[in-house]
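Chemist: Chain by chain, the residues:
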Amino acid sequence: DSGVTQTPKHLITATGQRVTLRCSPRSGDLSVYWYQQSLDQGLQFLIQYYNGEERAKGNILERFSAQQFPDLHSELNLSSLELGDSALYFCASSPTGQNYQPQHFGDGTRLSIL
Amino acid sequence: ILNVEQSPQSLHVQEGDSTNFTCSFPSSNFYALHWYRWETAKSPEALFVMTLNGDEKKKGRISATLNTKEGYSYLYIKGSQPEDSATYLCACHMNSGGYQKVTFGIGTKLQVIP
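Protein chains in written order, with the numbering used here: chain A, 106 to 219; chain B, -2 to 111.
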């Protein structure tokens, strides 16, 4: 158990809808990362937060947004969903988000768009 | 575009054999290289974080080396066991346009045959 909690584990919805994925980092970790793994693709970095502030941004679509709240949990919002957004979304956390710190991954949220 | 490549993509070895795989990355603007072990139906688990040229890290039968000048890292497994069967991912943290980016390789899938 990594200590990182993601909910829900599975989500099925339709095109055009909006969903929110939630992540609670390990106790004491201030930084949260979001990743997407689509079929037959490697993990893609989406965005990183540290103590409520955006720290780094990867290939995150404009239809996607994220935030980190004062209690350090983070939410990834996906809107105007398309079939291609079906993927496994991971959250990871580290103590202060420095690149030399290992990241601890949650179990992921599997999003299926019908 | 930051290309992180791993080879081979898959590998079958007999129990007891030693093996190694490669992660190659652009050598400029490098911050850190992370190795992860990813078992099926689980989340990636951090193995090593390497930052300095010449770094060598070891955990049990698994070790890794880093060459930032030529842009590669090797992961070695000595005396492979069936429980080593997993996908091994590398992730490169680099500076891209003034921002830190994290790029994962596609992984090396290792199958250890009893």
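No wet-lab data here; the hints were simulated from the structure. Even glycine gets a Cβ: it sits at the ideal position worked out from N, Cα and C. Where hints are given, some of them may not hold.
Below, simulated DSSO-like cross-link-like pairs (lysine-lysine); rule was C-alpha separation at most 27 Å, straight line [said to hold, decoys possible]: (1) A/Lys162 - B/Lys39; (2) B/Lys66 - B/Lys55; (3) B/Lys98 - B/Lys55; (4) B/Lys66 - B/Lys98; (5) B/Lys98 - B/Lys54; (6) B/Lys39 - B/Lys98; (7) B/Lys98 - A/Lys162; (8) B/Lys106 - B/Lys75; (9) A/Lys114 - B/Lys106; (10) B/Lys106 - B/Lys55; (11) B/Lys39 - B/Lys55; (12) A/Lys114 - B/Lys39.
Chain A stretches covered by chain B per the calculated footprint, using a threshold of three residues with CB under 8 Å from any CB of chain B [claimed, not checked]: (13) 143 to 152; (14) 161 to 175.
Chemist: Of the hints given before, which are not true for this structure?
Modeler: Every hint satisfied by this model.
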